[in-house]
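Peer 1: Reassemble the complex: the two chains are provided individually, in unrelated frames, and hints are given to aid placement.
If you read the sequences in order, they're chains E and A. Counting in my numbering, the first sequence runs from 1 upward without gaps. Counting in my numbering, the second sequence runs from 447 upward without gaps.
Hints listed in this document are in silico derivations from the structure and should not be mistaken for laboratory results. Note that the Cβ used here is the ideal one computed from N, Cα and C, for glycine as well. Careful: at least some of the hints might be erroneous.
Unchecked claim - With a Cα cut of at most 25 Å, we get these calculated DSS-like pairs of lysine-lysine:
hint : chain 1 : residue 1 : chain 2 : residue 2
1    : A       : Lys665    : A       : Lys813
2    : A       : Lys581    : A       : Lys813
3    : E       : Lys125    : A       : Lys584
4    : A       : Lys581    : E       : Lys59
5    : A       : Lys581    : A       : Lys664
6    : A       : Lys584    : E       : Lys59
7    : E       : Lys324    : E       : Lys340
8    : E       : Lys208    : E       : Lys59
9    : A       : Lys813    : E       : Lys129
10   : A       : Lys584    : E       : Lys58
11   : A       : Lys665    : E       : Lys125
12   : E       : Lys58     : A       : Lys664
13   : A       : Lys665    : A       : Lys581
14   : A       : Lys665    : A       : Lys584
15   : E       : Lys161    : E       : Lys59
16   : E       : Lys208    : E       : Lys58
17   : A       : Lys813    : A       : Lys664
18   : E       : Lys58     : E       : Lys125
19   : A       : Lys617    : E       : Lys58
20   : E       : Lys58     : E       : Lys129
21   : A       : Lys813    : E       : Lys125
22   : E       : Lys129    : E       : Lys59
23   : E       : Lys59     : E       : Lys125
24   : A       : Lys617    : E       : Lys340
25   : A       : Lys581    : E       : Lys125
26   : A       : Lys664    : E       : Lys125
Claimed, not checked - Residues of chain A placed beyond 12 Å of chain E at every Cβ, according to the derived structure:
hint : residue
27   : Ala527
28   : Met588
29   : Ile682
30   : Tyr713
31   : Leu719
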Amino acid sequence: MNYPFWEVPYLGGGMLIGLIATLHVFVSHFAVGGGLFLALMERRSYRNNDTELLSYVKKHTNFFLLLTVVFGAVSGVGIWFSIGLVHPEATSLLIRTFVWAWAIEWVFFAVEIAALLVYYSTWDKLAPKTHNLVGWIYFVSSFMSLIVINGILTFMLTPGKWLETGSFFDAFFNPTYLPSLIMRTSITLALAGVYAMFTGSFEREAFKVRIIPHASIWLMSAVPLLLVGLWWYFQMIPPLSQHIVKGGAPIVQMFAALSVFFSAIVFPFAYFLAYRYPRYFSPALGVLFLIMALGATAVTEWVREAVRKPYVIYGVMYSNAIYKNDLARFQQNGFLNEAKWTTVREFDPNDRAQLLAAGEQMFRGQCGHCHTTDGFNGVKPLVYGWGEPFLYEQIGRLNELRRFMPPFVGNDEERRALAAWLYELNGEIPPLSDAKGARDGVAESR
Amino acid sequence: MASPNPADLIPSAGNIPLPGPEWLFHALLVFTFILHIIPMNFVLGGGVTTLYAEIMGSRRNDDRFRRLARGLAQITPYATAAAITTGIAPLLFVQVLYGQYFYTSSVLIGSFWISVIALLIVGYYGLYRNSFRVKHGKSLSMWTAWGSSIIFIVIGFIYSNNMTLMLTPEKWRDLYAAGGHTLNLSEPSLYPRYLHFLVGSIAVSGALVVAYGLFAWKKDDGYGRWLVRAGAFQFIAVTGAQFIVGFTFLFALREEWRMIFLGGSVYATGLLLAGLTFAVVSMALFLIAALRDRPATPAIAGMIALALTITFMAMMRDALRRHALEPFVTSFNVVPQTVVMTAFFVLFVAALAIIGWMVAIVLRAGKSTGKASD
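Excised from the complex, chain A in its bound form (with noise of 0.2 Å):
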């Protein structure tokens, strides 16, 4: 644009006053993104993990590994129900927040980012077709499976580009000459950063495979136990790898974004000790899982501290996220609704509430009935 300073483009984010505490909706942000990464794994990693079971099925003509695809096949699209439902929150907060930021790297985007819609649809319906060929005795469909793992892997890749964009205003300026139908391809940390979520999902896929075994165990407690071993090990070789991928997004970060966890920030370099500390934590107890016969206490423990470790990493970008924008970031005037904002976290509760009761009551018919999941 006619003036080189990028702090010139970042648009003012108007008047209209911010309508509850800064750190409130800070933590709304985060929270509710950590609810809505842990489902957006599972149909990311689990819409892989399916394609990879059902292809080991086939090559070794190995039942269990087709009665998982089958299984997973089932879980999908209610993991991808849940990932969307909770993704609006992040997406609303973040807007509130850092709209300045998130409208001008959509806009710089703007055919990929609505493009994202479009996708989202096709892929999610590949996803029932499979639930309903599974649900009539047909086999998988490799086709769909293998466009809707590819449609999500996309719609990851370009939410990556939004988010590192819109934390890096120095390069809006080229991008708007190309007229949004571009992406922000010349980020070094994106590949890496895209990376890391892409292996944390598959490793987080795991986890799913353990729990669903499980499940099984009570049935049938051989393929159950194959199970928790088939998931324990994916998720401990997976997040083996996602040290090296880590740390490779670690030092692809711009030094001075880099250091805030290497030591500038004692906060920033807390959390990282702590979500890498976790990891390992809950890497172990999958190990013990895997190794034992009744694996139910050391399973569910690696669950909460991979919960923890997922929980940490969530932070971590968002510190990344403050200390990018810090030069940039203007106060807010603040001017609380109280009574709206009293009534949403009255209603959120009782939400959770009703929530947990009619899962509560679909555990209990499941228990009852006996019915099978697969």
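Just chain E, same shape as in the assembly (with noise of 0.2 Å):
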């Protein structure tokens, strides 16, 4: 306990990043995808003059800028925040390996901004071409600030040849960088038509059956790219992580085949509703794609993050910020007495009250970034029904008990201080929960 620890309550701060992350990455992916749209639909309008494309691009745009420049911006600072309240220990490292490149992504981002502001408010003031260039720029800028956090992003998962070098470009052009590349890539493309098929939905009947159609082929084109993107990245990661998507842990499984039939039956939804019926393609069905296609972009963040674990960086932090060289350290020297926040050090396990303070401080620093108590993953009911001798030999191989859980560390003194603290959450309960059933249980031994 390096840090000290943020409690969420019942989300669990592991939750909260997804659900901040979740509605990034579905706002974000679009301002790269929706940029191509823009500038590729504007220089067709003009090609073509085509007054009636022009004026639905110019409606297009203000949608954009409001979701992208405000929610989409403020999000990804909220991304920032929240990782280095929940894991300041991992975000201290990502800092110091990438600074350079947040750095570059940071002066893409100001370029994308200042583009969309200038694009948005110089409609019928800039010449056509001029304003039409403003808009690739904004594109090109948006799509390199993807490049660059695309490189950290990965590297958590797949720290590859850094491990060993130290070095930067390792970090960076890591094994899963050009899969998580394609895949991304797809998302902004599929994203950018889902969201054009909801604007196109409000527009009148004559031009809905032109631009549906063109909006739905966005989203269909991209669908193979990301199933080829998707194979790819399964194939880079660590074997633990296949297994854990495998079944290793069946929701993650289960997941996993949503976020794939997500994807999967987006496509048949697109081509009937959206490509071959555009005439009856009401604002009611474009919501239905958008929800659809949050629903996967929140399954596939969610098995993202699953995978990883135990780790945060992965085979050298695990995701309660202890350091993988660090185990052997806290095995022999206790682990509250290295903590730097901990309330307490050394204590007497004899004396109860001074026991379990020391396991809830345990729990905090070890548990506590992927379980709360009775909230989301809560440890309470995991443990409902669990003595205490019992408590104690579990927590000697929770990462046999599930592979996804790093391992205990501590001393023995330690161990027994979480036991007590874990066996204290339910208290003594009865030896059958159910009523009934403990009576039948008394008549039979009669």
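Peer 2: Laid out in structure tokens, this is it:
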């Protein structure tokens, strides 16, 4: 516990990051693909002298600006805030390793924002060619910022040769860099289509039948690319991560299946509802597609986070901020002894109150990054009915019990303390919780 | 915690080397902070000025005030975009140099700190709402204007909390016991520091009104002249008050921190004197601008003097931070990432050129079509 622990009641820090990140990805990827869509559509409307298309592009720009410049940008800062609060140790490592990459991303981001504001406010004021050029500047800089951030995101799961060399380029161009870039690029295109279908659904019928099929092509053509990216990505992730997806953790497997399912099902939906029968494509259907796309984003992000367990930076730092290299030292010297942010350091294991206080600190330091007590992934129901000696036993092999949990670290007294604290969460419970079953049991024994 | 020495609580910064020279990160931190604080003052002070102008407009039934309010309502969303964009860089560099202090203080006020994000989204949309209303010829929504202003004022307060808390490890122990749901309210220098920043924002917005007046002048010189005067007097009066607030802040600092500005360090004392000098110079220049028929030259000179004042103030802020953390700081192990670092600087210059080009074409377009900006 090098850093203080930030408790997020009921939700847990990981879940909070996940929520912010999902919403951010859903908007920021649109900010890239949608930029390409705008620039291309504008160019097409000039070439064909298509005023109807041009007026749609203008309206779409307003929507695009309000969503990406405000929500997209601020939620991106939100990811930073939340990872700094939940994972200060890992964030610190990432910042030190990638500060220049982040600084470069910031430069692209600044151009992106400036270009979009200019684009939005100079329709009819600039020569069409110049205005369109600003649109292209927007798209290229937004895509460049994706190219940069992708290196940092993928590093966390596959740090690759960086582990030995410590070199920036090994960290950045790591084994999942390219497959992830393909995946993300395809998502930007798909979302450009989905959002255009949404804004297109409000158009008059005569124009709707033109824009909706076109937008649906953006979406449909992204699907094969996405599947290729996904497949390749899966080949490159660590064996334990593959195992988790293949069923090592049923819920992750289910979510991964959902992710593929959502992505695949969107194809026939888009074909029939949008491409074939655009006339009937109502705003409600537009919203339905947005929800499906958000669902796909959410489960995909969730799986991406889940397969990194038990690490936050693979092979280097566990999800609970413990460096893998420090395990042996903690095991020997005790975890609390080495911790900066603990209210308990030395304690008398025979004093129950002291033991429990130490147990709570152990939970904060080693389990609280993934478990809440009562809320999401709450540990209280997970250990319901476990006796104290059994808890003590299981704590010693958490990483075998569920391979995506880090091993417990600490000395024997600390292990007892954690077991005691976990036990007290539920307290003593009737031997059989079901009253009827208990009575039957009694009847039988007579 | 178990041990009483505050230095024991400071997290170790890990063993990843610093990927560039320390002085360079310092320079970037201060430089990008200056880039950030100016538009941020426009957001905060501009929002307050919008409210003030709208209220005066209806009280005195003076259409110039209402025009000003509408004009500012259209500028503030852009200022917010600029403030957020430029704010990312100092947030990055402060983490590089001071991560162990910054993360800790952030965690200690965690629920407030994360709420900044939600607040910012709501406040920002509020500004856009009013901007769209103006565009469509509707009146400002006072509800929204109040809401956004209050939100930005609150965000500033949360930031001041974090920035003071990261400098005072001796406060950390007690706050941790409160579990991340409280602010650093027991810090005596917090209030004058925050007030210093609020008052500064309102003063700087006066300069924004002057700049706006210079643009409006070409189309409507009566209105332009009025704006330049109103902005200049706002700047002068509020900056005058700022002298009192500033000195209150200085004397609210603990003695060993204050003394660096009062002779203890030649560098820090020089910064204070330079900052004060340029503040007085800018007041004089704005006064001249307000009284002249051709105000552009003194007004622009006043803005440059103001920018210098802000620069010196930002450097003082940095000097204070360095001094406060000096007892705890450990030296960095530096292994520069020369290639990426160079790439950053090259791209940064290229980006400035591209942004400059875009601003130029916008200004040119504004001139040739003669479209009013309000």
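Peer 1: All the hints need checking, so say for each whether the structure fits it.
Peer 2: Here is what the structure says about each hint:
Taken as a hint, the Lys665 (chain A) and Lys813 (chain A) pair is honoured in the structure, with Cα atoms around 10 Å apart against an allowance of 25 Å. As the CA atoms of Lys581 (chain A) and Lys813 (chain A) are separated by approximately 19 Å, the hinted pair is consistent with the 25 Å bound. Under the criterion of a C-alpha separation no larger than 25 Å, the hint pairing Lys125 (chain E) with Lys584 (chain A) is consistent with the structure, at around 23 Å. Restraint check for Lys581 (chain A) and Lys59 (chain E): satisfied, since their Cα atoms lie roughly 14 Å apart, inside the 25 Å limit.
Pair hint Lys581 (chain A) plus Lys664 (chain A) holds up; C-alpha atoms about 21 Å apart against a cutoff of 25 Å. For the hint pairing Lys584 (chain A) with Lys59 (chain E), the CA-to-CA distance comes to about 19 Å; that is within 25 Å, so the pair holds. Taken as a hint, the Lys324 (chain E) and Lys340 (chain E) pair is honoured in the structure, with Cα atoms around 18 Å apart against an allowance of 25 Å. A hinted pair counts as satisfied when its Cα atoms are at most 25 Å apart, and Lys208 (chain E) with Lys59 (chain E) qualifies at roughly 14 Å.
Taking the CA atoms of Lys813 (chain A) and Lys129 (chain E), the gap is about 19 Å. The hint holds against a cut of 25 Å. With a C-alpha separation of about 21 Å, the suggested pairing of Lys584 (chain A) with Lys58 (chain E) holds against the 25 Å cut-off. Between the alpha carbons of Lys665 (chain A) and Lys125 (chain E) the distance comes to roughly 18 Å, so the proposed pair stays at or under 25 Å and holds. The straight-line distance between the Cα atoms of Lys58 (chain E) and Lys664 (chain A) is roughly 30 Å, outside the 25 Å bound, and the hint therefore fails.
The straight-line distance between the Cα atoms of Lys665 (chain A) and Lys581 (chain A) is roughly 19 Å, inside the 25 Å bound, and the hint therefore holds. Using a Cα cut-off of 25 Å, the hinted pair Lys665 (chain A) and Lys584 (chain A) holds, with the two alpha carbons roughly 22 Å apart. Using a Cα cut-off of 25 Å, the hinted pair Lys161 (chain E) and Lys59 (chain E) is violated, with the two alpha carbons roughly 47 Å apart. For the given pair, Lys208 (chain E) sits about 15 Å from Lys58 (chain E) by alpha-carbon distance, which is consistent with the 25 Å threshold.
In summary, the hint linking Lys813 (chain A) to Lys664 (chain A) is supported, as the alpha carbons are separated by about 10 Å, within the 25 Å threshold. Restraint check: the Cα-Cα separation between Lys58 (chain E) and Lys125 (chain E) comes to about 13 Å, which is no more than 25 Å; the hinted pair holds. Among the hinted pairs, Lys617 (chain A) with Lys58 (chain E) is inconsistent with the structure: their alpha-carbon atoms are about 53 Å apart, more than 25 Å. This hinted pair checks out: Lys58 (chain E) and Lys129 (chain E) have alpha carbons roughly 15 Å apart, not beyond 25 Å.
At most 25 Å may separate the alpha-carbon atoms for a hinted pair to count; Lys813 (chain A) and Lys125 (chain E) meet this at roughly 10 Å. As the CA atoms of Lys129 (chain E) and Lys59 (chain E) are separated by approximately 19 Å, the hinted pair is consistent with the 25 Å bound. Between Lys59 (chain E) and Lys125 (chain E) the CA atoms are separated by roughly 16 Å; this keeps the pair inside 25 Å, and the hint holds. Note on Lys617 (chain A) and Lys340 (chain E): the hinted pairing holds, with a Cα-Cα distance of about 15 Å set against a maximum of 25 Å.
Proposed proximity of Lys581 (chain A) and Lys125 (chain E) is supported: the alpha carbons are some 16 Å apart, at most 25 Å. As the CA atoms of Lys664 (chain A) and Lys125 (chain E) are separated by approximately 19 Å, the hinted pair is consistent with the 25 Å bound. For Ala527 (chain A), the condition that its CB be more than 12 Å from all CB atoms of chain E is violated, with the nearest at approximately 6 Å. Non-interface status of Met588 (chain A) relative to chain E is upheld: no Cβ of that chain comes within 12 Å, the nearest being about 21 Å off.
Residue-level check passed: Ile682 (chain A) sits 32 Å from the nearest beta carbon of chain E, beyond 12 Å. Taking the minimum C-beta to C-beta distance to chain E, about 26 Å, the non-interface status of Tyr713 (chain A) holds against the 12 Å cut. For Leu719 (chain A), the shortest C-beta to C-beta distance to chain E comes to about 33 Å, beyond the 12 Å cut-off, and the non-interface label holds.
Of the numbered hints listed earlier, those contradicted by the structure are 12, 15, 19 and 27.
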